[in-house]
Structure formats: C-alpha cells, structure tokens
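Protein sequences appear in the order of chains F, Y and D. By the count of the numbering used here, the first sequence reaches residue 292 at its end, each step adding exactly one. By the count of the numbering used here, the second sequence reaches residue 1325 at its end, each step adding exactly one. By the count of the numbering used here, the third sequence reaches residue 2275 at its end, each step adding exactly one.
No wet-lab data here; the hints were simulated from the structure. Hints should not be assumed to be uniformly reliable.
[Said to hold, decoys possible] The list that follows gives simulated cross-link-like pairs (lysine-lysine, BS3-like), each with its CA atoms no further than 27 Å apart:
| # | chain 1 | residue 1 | chain 2 | residue 2 |
| --- | --- | --- | --- | --- |
| 1 | D | K2119 | Y | K1123 |
| 2 | D | K2091 | Y | K1200 |
| 3 | F | K285 | F | K210 |
[Stated by the list, open to error] Per label pair, the in silico range of CB-to-CB distance:
| # | chain 1 | residue 1 | chain 2 | residue 2 | range |
| --- | --- | --- | --- | --- | --- |
| 4 | D | T2070 | F | P25 | 24 to 32 Å |
| 5 | D | T2020 | Y | K1200 | 25 to 33 Å |
| 6 | Y | G1134 | D | S2178 | 54 to 62 Å |
| 7 | F | R203 | D | L2019 | 22 to 30 Å |
| 8 | F | G183 | D | K2223 | 28 to 36 Å |
[What the hints assert, rightly or not] Partial list, derived from the structure: chain Y residues whose beta carbon lies under 7 Å from chain D:
| # | residue |
| --- | --- |
| 9 | W1044 |
| 10 | N1142 |
| 11 | R1199 |
| 12 | P1309 |
| 13 | K1310 |
| 14 | E1323 |
For glycine and all other residues, C-beta sits at the position ideal for the given N, C-alpha and C.
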Amino acid sequence: MAGVAGSVASRAGGASKVRRVTRDPAWARALLMMLALGFVGLFVVAPLAVVFSEAVRGGLGPFVAAVAHPETWSAIKLSLLVVVLAVPLNIVFGVAAAWAIARFEFRGKGALITLIDLPFAVSPVVSGMIFVLLFGGHGLLGPYLRPMGIKVIFALPGIVLATAFVTFPFVARELIPFWQARGSQDEEAAQVLGAGPWTTLFRVSLPTAKYALLYGVVLSTARALGEFGAVSVVSGHIRGRTNTLPLHVEILYGEYQFQAAFAVASLFALMGIATLGAKWALERKMAADHER
Amino acid sequence: MGALGAALGAGCSAKGDPNEILNVSFDPTRELYAEYNALFAAHWAALGNPTPKVVQSHGGSGKQARAVIDGIDADVVTLALGYDIDVLAERRLVARGWRERLPDRSAPFTSAIVFLVRGGNPKSIRDWDDLARGDVAVITPNPKTSGGARWNYLAAWGYELRRSGGDEAKAQAFVEVMFRRVPVLDSGARAATTTFVERKIGDVLIAWESEAMLAAKKLSAGSVEIVTPPTSIAAEPPVAVVDAIVDYRGTRGLAEAYLQRLWEDDAQRLGAKHFYRPRGAGAAPEGMFRSIELFTIDEIGGGWQQAQPKHFADGGIFDRIYEDR
Amino acid sequence: MSRPSHNLPGFRLSLGLTLTYLSILVLLPLAMIPLKAADLGGDALLRAMTSPRAIASYKLTFGASLGAATVNAFFGVIVAWVLVRYDFRGKRVLDALVDLPFALPTAVGGLALTALYAKNGWLGAPLERLGIEVAFQPLGVAAALTFVGLPFVVRTVQPVLEDLDPEMEEAAAMLGASRLLTFRRIVLPVLLPAITTGFALAFARAVGEYGSVVFISGNMPMKTEITPLLIMTKLEQYDYAGATALAMVMLAVSFTLLLLINRLQLRLGRAKAQG
C-alpha cells in the first residue's frame, strides 16, 4: 500500500529521468527478463488464463447468460451501491487524515499512521467478526439498536461498514506521501493572498493532488468490489438482497455452475484491467503535467 | 458521515412486511426451496391470503444458525442437523420442544449417507469397512466446519459401534483409521465433491445421497457412480419456526403453514425430485432410492446434545484423531 | 521537501475528524477483540492461544507467509528492475499485470490457483511428474500467499529505483567495478529499505489471508490448517471468545510489524528531507 502510494508520488516527482548510462550485460538482461516474466507468468498470467478459459469453456452463450442473469445483476447493483456508500466516507476521512499528517508535526504521528494501516493487515475473517461482535444480537450495541428497528449486520449498513473498514487506508495512504513530497508553499501563498481555509483546500491542495486522490479512489473501489472474507461474515447471504458479487461467484461455484462462476469472476478481471488502464492513463497525464 | 447515516437509514425497516418470510437454510437446498416457495405461494394465495413472498438465505448450516443468533430475521430455519436448531433453543429463539411440533422429529425429508466412487468401482468399495482399507483414500468435508459432514462421521462411527455390539473403543479406532487417510478436508460438502470429481483426488467420497445423486447427474456423468452401503445413518435435516422472530414480526401463521405444508404430497414429491428421501410412501418413483437399513443418531449416541460435545467440540474425539499423533 | 508548517489552518478539524472516524470505524470494532477474549479469563485465554492446534496453525501461517514474502522480495526486485531499466515490447502489460492480484477477489484467485496446481491442472500435472505436489500441501498455501502479496515489493522498489541517481553506478563502473559488485555495493543498499517495507507489507497481507487459501490448502488439522481457518472453526462452534483469542495473537503480530515498517519509513523520510 505504502508502495503503491509511493509509485504515484515519486512518478509525479520526476521519475522520468531514466538515463541509459549503465547497461547490464546481454546474458544478465536475458536472465532477468526470463525470471521476471516467468514469475509474473506463473503467479498472475496463469491463474488469469484459467479464469478466462473456464469462463468461455462452454461457449459464449452460457457466458452471456451467466453475466446477464438477474441474480448476477442484483449482486452487481449491490456491490456498486456499497462502493458508492463506502468509498466517499473514506475520501472525506482520507483527505482529513492526510492533511493532518502531511502538514503538521505532532506526537504520536507514527502510531496514528500505523492505526490507519491496521485494517490492511487484519484478517478478513476478523474484520467481519468484529462487526458481528459489535452489532450482533448479542453484541455490544446490537441489543440497543434492535428495539429502535436499526439493523446493521445482515443488511446493507453492515456490508458498507465492513467494506469501509477494509478499504480504510487507501485514500489517506495515497495522499500523505504526495502532499509530503509536494510541500506546503502553495497553500501558504494562498493564505498570504487571503484565501480562506476551504478555498485553499478546494482550490489549491486538492487540485494539485487530484491524481493521487483519484488513484486512492481507484484502489479503494477495486478492493471494495472484490472484498470477500469480511463481507461474507456480515452479509447473511440473503438471495437477491445481501449477496455481493464475490459472494455470488462463490454461490455459483458451490452449485457446480463452474462456467458461470468463472464468467462472473472474469468480470472482476476485466474491471481490474479497465482500472489498470485508467491508472496508466493517470500516470501518463501526471508525468505530462509534471513536465510542463 | 452523511452517507453512513443514509446507510443506517436504509437498514431501518423495523418489522418488515408481514406477508414476507425469510427461510434461512443450508447450502444444498436452494433448488428445492426455489420450487417449493412457488408451490407454497400459490397454495397460500388460493386460501384467500395475499400472495406471500419467501426470501431465501443459504450457507453452511452452522454459519446460518450463528447468523440467526447474531440477529438475522429468520422466520423459519431449515438446517442440516438438529444440533444447529438446539443451539437456537438454548438461546430462547426457538421453543424448547421444537422437535415435537411437527411430524417425523421435524424433518420432512431424510437422506442416507452413501459413497461416490470412480466409474466401474475400481477399488470395489461396497461397505464401510472398505473405507478403512490401506489402499483406499477417503474424501469427506471437515465435520468441524460442515454440519452435513457430521452425519458422514457419525455414519462411520455408528457402523462400527453396531457391528462390534456397542464397543466405543472399536468405533473410535475405526473412525481414526479412516480419517487419518483423508488427504483433503474441505470446509464444505460441495467443495469436497469438487475435490473428488473435478480434481480427481481420493477413491471414495462420503456424501449425502441427495448430494451424490446430484453430483452424478450434474458433473461428468459416468466418471463416478454411487455405492449404497447395506447400512447407514439416516441424515435428518430438520425445520423449525423461529418463535422469537415470528412473534416479533407477526408472521407466525404464515411461517407455520409454510413448514406444515412440507409434509403434503406435492411437496414430498418435490423433495424426491431433488433427491431427498420423502417421508410419505409413494412420493418417490419406484426404485429411485435403493433400499438400505438406516439407523438414527438417537440409536447410536443419544441424540445431538450428547454427540456434539463428545465428538466435535474442541478436544473431542474428532480433534484427538489429529492431535494424538 | 519542505517542513510541515504550523501556519496552515485546519489542524484541529482534520485531526479531530481523523480521530473520530478512526475511533468509530476501526478502534471501537477492534476493541471488541480483547473485550471478548477477556470473557475467557487469563488461564483459558492462554490455553486457547497456545493449544497444539493453534501453535501448528501459527507455524504454517507465519512460515508460509515468510516463505511467500521472501519469494516476493527476490522476484519483486527483479520485476521492478526489469520494468525500470529495460525497454521491451509489452512492458506496459507487464506493469499492469503486477497489480492484478489486488483487483481480483481472493476467492477467485484461490479457485484459479487450485485448478492450476491440482494434480490434473495445467501446472500441477507436470509438477507431479517431478514429484512435487503443490495443491493441498503447505506449498500450495505458500503459492496462494505469493499471489496475494505479489504487488507489494514491486511497487515499493520501483519508485526508488526510478529515483536512483545513475551517477554513482557510472562512477563505480569507471573505477572498474563489475556490474554485480556495483549492484551489491551501490544499488542494493539504497533499495534495501524499500525491499524491507515491501517484504513486511507482503508478509502482513499474507498472514491474514483466508479466501484464497481455503480452496488450495486442503485444511488438514495440524498440517495445512491456517490460523484464520481455525478462527472460522471456533466461530462455527459459537466459540466467539476462543476465536477472539486467536484473533488477538494475529492482531498483535500485524500491529507490531506495521509499527516497525512505519518507524522505518518515517526515519528514512526524515533522513531524506535532511539530506
């Protein structure tokens, strides 16, 4: 995460100065290329090939039928709704957290960054469980919410909370290194010129960081769409109501509808590829902006 | 924060529609209940009621029971084993005497635990003692994570217990020998079937008859075949109304009618269509289910209340198979 | 890089908002773990944390994660090197593929890897002839964890490599140092913090992974049972306290690890700012 973040920050920071001053011998080049391609081939391309080949094994007809099935659509709609609710929460938080961390020195900053990172390292099983412990019928808050008619787990709010939890770090983690690297001269200048704090934020700070922000959003969205473990614990698996897209894949697989399962799974791969295309475009744009 | 409020607001639907019930069920019953729900809705409407809507949730039996404990609004539960409903009764969600409220210990259908073997039965597996042979690798899901698989384990236990005239030490030794030769313990029944049929691991899969027949029909026909042992346990997947929920939501009448109707002829025929052994005579086509001598869990271990802690709790007999090496 | 300034507005608001949101969404839910585990009481808690099953699962979980992170550290550097230093057709594609494990739901990754590495799979069949079994073995767990952790080392090393000033390498080459010596003495020390960070991230991600592993591990108690699966097993028995006991061990490890990475990064950041 910090790494993914780093790539945006530093590329924006002028990484295009790759000069060919030092060359590796031809044999080393060949060897390293082989190792790199072999590794990615073995662990990324091969599984991806399995997904796509299984998805079209019985022809395109069943593929289209699986993707167009009403239950698939309701799962897609739910997954998108969850993204639309969870990601903006994390944008607001991410901007606030990055502002505090990148622009000010205070005690306990290291601990704060670590706490922001923590959801990333928590097992999805645990991420789901803690919300059950909190909002479940025998949980800490559940028994009080219940008489008020508020359902959290086994309903949309629980899925949104679990998703917001697992995607919590991404926006903040993209913005922090960017703003740190960028420095605060622009904002200070704006202040001197009499701009109010919100004007500074919306007219100066965010526009300069728009690509880092956007990349954080892209990562959060990808992770939110794909989250399986945590959502599986809080969803309740109610057909047509609380089944997200990854859960739907599992259901199809469990019903021996292997082709349909992989067809829906291939949607993720396609979305992933589209996301990565968007990211690539962003980086090019960023590099171009930087050179200007 | 506003979005969070909106999300919380969306979850507010206090008691919901009294003409809609949620059936929280275990994994393999999806097709059965999809058809039964249509059948029941037509029947209920014909009695002059508004057409009801039955919503389904499917998952591992234990996981589903846990969801009910943790607050999913299940009007009825239709699970893989009585223990998972007993757990609800312990927490006062279901009345204590739930088992006696409906016929047949509240299980509208049964299934037998049978074997799925490779085509032509190359290892000539006929009966339970073949599963303890040195050259046979058995596939079964993990009974600790799969409720359905607890029946598999108890079938093996019960076979040896009955054969040895009630010698528990022998029964224990038998399941130990068998389970130590299991190469993969999947977390659920369908995953185990996939391991056996698609990944081609193991010589025999222990499965519910309903699941074995479905797998033989749906997956690579001819490459596997069903072997029905002379004796086995009767798997009884029970159903119950969740009293705490139906009284809160005001859906008791609808929920009770929904479950009672499972014993009617057309519902029983539907059960047979989905490979469950019906209770009613004549609901299944002649010869569909091979005859088998079935024993119940009450006969071999005094019911789930005793069997569960003894065999499947942490440190129970099943755990000791793996920990005492 | 300029020093953070206190002239800017919004410190209280932004920090207040951060702490509030963090408390509601992360700290309060996570506090449920020690809270629930305390139900057990000291002795039982310790016993749940150190049962033979639990110990065996830690060994597998941490061992396989360590193995996967090591493989990722080694190959991650090579992939990053190739991506930064070489020009070739399809470089963009390779670059994009690195992030894919991040976008694919882990369960899908697990299903695909199992199909691939099972005895009758595309890769499992030839490997079996060599006497190597992957699926349903600890090696399969490591393979799945390598998949989920793949992006991290590449993505931490890549930007550092891009920023690396080639003059040092040039100088070393002119002084007659071999390419390998230059790499070891000049490049590697600069990359090392990034490699460590990537390694730790891949490790932290792998330790908690569940979705992809359950399909490929075979879930044999004492042999291929990972700690998150053991937590699931506890939940299955309505044993929330026991589940949280194991969750606490995992949480403590993750937290310590992340704290160390962030300390390292902050120190490096400061060193860079001063330099």
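Against the structure, the hints:
1. D:K2119 - Y:K1123: Status holds; Cα separation ~20 Å.
2. D:K2091 - Y:K1200: 38 Å, violated
3. F:K285 - F:K210: 11 Å, holds
4. D:T2070 - F:P25: 24 to 32 Å: Given a distance of about 27 Å, which is inside 24 to 32 Å, the answer is holds.
5. D:T2020 - Y:K1200: 25 to 33 Å: Given about 55 Å between the Cβ atoms, the range is violated.
6. Y:G1134 - D:S2178: 54 to 62 Å: The hint (54 to 62 Å, Cβ to Cβ) holds, given that Y:G1134 and D:S2178 are roughly 59 Å apart.
7. F:R203 - D:L2019: 22 to 30 Å: Given range 22 to 30 Å: holds, Cβ gap about 26 Å.
8. F:G183 - D:K2223: 28 to 36 Å: 54 Å, violated
9. W1044: Because about 34 Å separates Y:W1044 from the closest Cβ in chain D, which is outside the 7 Å limit, the hint is violated.
10. N1142: 6 Å, holds
11. R1199: 4 Å, holds
12. P1309: Violated - the Cβ of Y:P1309 stays beyond 7 Å from chain D, reaching only about 10 Å at its closest.
13. K1310: Constraint on Y:K1310 not satisfied, violated at 13 Å.
14. E1323: 6 Å, holds
Hint compliance for this structure: hints 2, 5, 8, 9, 12, 13 are not met, and every other hint is.
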